[in-house]
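Letter by letter, the sequence shown follows residues 211 to 318 in my numbering.
If you are wondering where the hints come from, they were derived from the structure by calculation, not from laboratory data.
In this text the structure is predicted, and so the values were computed from the model without any measurement.
You may find that some hints are simply not true.
Unchecked claim - In silico SDA-like cross-links for lysine to any residue, where the CA-CA straight-line distance does not exceed 20 Å:
| id | residue 1 | residue 2 |
| --- | --- | --- |
| 1 | Lys278 | Glu222 |
| 2 | Lys238 | Ile293 |
| 3 | Lys248 | Leu286 |
| 4 | Lys263 | Asn294 |
| 5 | Lys278 | Ile232 |
| 6 | Lys231 | Lys301 |
| 7 | Lys278 | Arg216 |
| 8 | Lys231 | Gly261 |
| 9 | Lys297 | Leu217 |
| 10 | Lys248 | Lys221 |
| 11 | Lys248 | Glu282 |
| 12 | Lys292 | Lys278 |
| 13 | Lys292 | Gly261 |
| 14 | Lys278 | Met251 |
| 15 | Lys301 | Tyr253 |
| 16 | Lys231 | Gly244 |
| 17 | Lys238 | Ile259 |
| 18 | Lys231 | Gly274 |
| 19 | Lys301 | Leu226 |
| 20 | Lys221 | Lys301 |
| 21 | Lys263 | Leu226 |
| 22 | Lys278 | Gly244 |
| 23 | Lys297 | Glu260 |
| 24 | Lys231 | Phe300 |
| 25 | Lys238 | Glu260 |
| 26 | Lys238 | Pro252 |
| 27 | Lys248 | Arg216 |
| 28 | Lys248 | Gly279 |
| 29 | Lys301 | Glu284 |
| 30 | Lys301 | His236 |
| 31 | Lys301 | Leu289 |
| 32 | Lys278 | Thr299 |
| 33 | Lys278 | Leu235 |
| 34 | Lys263 | Gly279 |
| 35 | Lys248 | His236 |
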Amino acid sequence: MAVERRLFHTKEWAALPPPEKILYLHVKARYIPGNNGKIAMPYTAMRRIEGCKSSRTISMAFAGLIEKGWLEREQLGGLYRKINTYKLTFKYDNYDGGNINKDKRGKG
């Protein structure tokens, strides 16, 4: 999934700590139309990425993105023998899962 360039210039993006930015981009890269709410991002996959090596960092990044409204947790995994799955909220995007939101001038 593409990330709109203007997202990187928003105050919401600027306020995210680096691990949250890294995690968000990797979760968003796993999005395909039809799988929102079923996006798996295992900690083992994140540990291979520079800036997200520790479980604590990854956990805090997920918690921050959920608290700030960037992601929603759909299924709790880990000790529950399931995989954590997430849903993109598209709160700060002009892309809403298939429909381009119109800006204030009515353009798509």
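Taking the hints in turn, this is what the structure says about them:
Straight-line distance between C-alpha atoms of Lys278 and Glu222 comes to about 9 Å, which keeps the hinted pair within the 20 Å bound. Distance hint between Lys238 and Ile293 is fulfilled; the C-alpha atoms sit about 17 Å from each other, no more than 20 Å. Straight-line distance between C-alpha atoms of Lys248 and Leu286 comes to about 11 Å, which keeps the hinted pair within the 20 Å bound. For the hint pairing Lys263 with Asn294, the CA-to-CA distance comes to about 18 Å; that is within 20 Å, so the pair holds.
A distance of roughly 15 Å separates the Cα atoms of Lys278 and Ile232; the hinted pair therefore holds under the 20 Å criterion. For the hint pairing Lys231 with Lys301, the CA-to-CA distance comes to about 15 Å; that is within 20 Å, so the pair holds. Of the pairs offered as hints, the one joining Lys278 and Arg216 holds, with about 19 Å between alpha carbons and a cut-off of 20 Å not exceeded. Among the hinted pairs, Lys231 with Gly261 is consistent with the structure: their alpha-carbon atoms are about 10 Å apart, no more than 20 Å.
Taken as a hint, the Lys297 and Leu217 pair is honoured in the structure, with Cα atoms around 18 Å apart against an allowance of 20 Å. Annotation: proposed proximity of Lys248 to Lys221 is violated, straight-line Cα distance about 28 Å (limit 20 Å). For the hint pairing Lys248 with Glu282, the CA-to-CA distance comes to about 11 Å; that is within 20 Å, so the pair holds. Distance hint between Lys292 and Lys278 is unfulfilled; the C-alpha atoms sit about 25 Å from each other, more than 20 Å.
For the proposed pair Lys292 and Gly261, the alpha carbon gap of about 25 Å is over 20 Å, so the pair is violated. In summary, the hint linking Lys278 to Met251 is supported, as the alpha carbons are separated by about 18 Å, within the 20 Å threshold. For a cut-off of 20 Å, the pair hint linking Lys301 to Tyr253 is broken: about 24 Å separates their Cα positions. At most 20 Å may separate the alpha-carbon atoms for a hinted pair to count; Lys231 and Gly244 exceed this at roughly 23 Å.
Taking the CA atoms of Lys238 and Ile259, the gap is about 15 Å. The hint holds against a cut of 20 Å. Between Lys231 and Gly274 the alpha-carbon distance is near 10 Å, which keeps this suggested pair within the 20 Å criterion. Restraint check: the Cα-Cα separation between Lys301 and Leu226 comes to about 14 Å, which is no more than 20 Å; the hinted pair holds. Among the hinted pairs, Lys221 with Lys301 is consistent with the structure: their alpha-carbon atoms are about 13 Å apart, no more than 20 Å.
Note on Lys263 and Leu226: the hinted pairing holds, with a Cα-Cα distance of about 18 Å set against a maximum of 20 Å. With a CA separation close to 24 Å, the supplied pair Lys278 and Gly244 exceeds the 20 Å bound. Distance restraint check for Lys297 and Glu260: the Cα-Cα separation of roughly 23 Å exceeds the 20 Å cut-off, and the hinted pair is therefore not satisfied. Using a Cα cut-off of 20 Å, the hinted pair Lys231 and Phe300 holds, with the two alpha carbons roughly 14 Å apart.
Taking the CA atoms of Lys238 and Glu260, the gap is about 17 Å. The hint holds against a cut of 20 Å. Between Lys238 and Pro252, the direct Cα distance comes to roughly 14 Å. Compliance with the 20 Å bound is thereby established for this hinted pair. For the given pair, Lys248 sits about 26 Å from Arg216 by alpha-carbon distance, which is inconsistent with the 20 Å threshold. For the given pair, Lys248 sits about 17 Å from Gly279 by alpha-carbon distance, which is consistent with the 20 Å threshold.
For the hint linking Lys301 to Glu284, the alpha-carbon distance of about 16 Å falls within 20 Å, and the restraint holds. Among the hinted pairs, Lys301 with His236 is consistent with the structure: their alpha-carbon atoms are about 17 Å apart, no more than 20 Å. A threshold of 20 Å between alpha carbons decides the hint, and for Lys301 with Leu289 the separation of about 30 Å lies outside it, so the pair is violated. Proximity of Lys278 to Thr299 is assessed by CA-CA distance (about 10 Å); at most 20 Å being required, the pair is judged to hold.
For the suggested pair Lys278 and Leu235, the alpha carbons sit about 15 Å apart, so the restraint of at most 20 Å is met. About 23 Å separates the Cα atoms of Lys263 and Gly279, which puts this hinted pair outside 20 Å; it is violated. Restraint check: the Cα-Cα separation between Lys248 and His236 comes to about 14 Å, which is no more than 20 Å; the hinted pair holds.
In summary, the numbered hints that this structure violates are 10, 12, 13, 15, 16, 22, 23, 27, 31 and 34.
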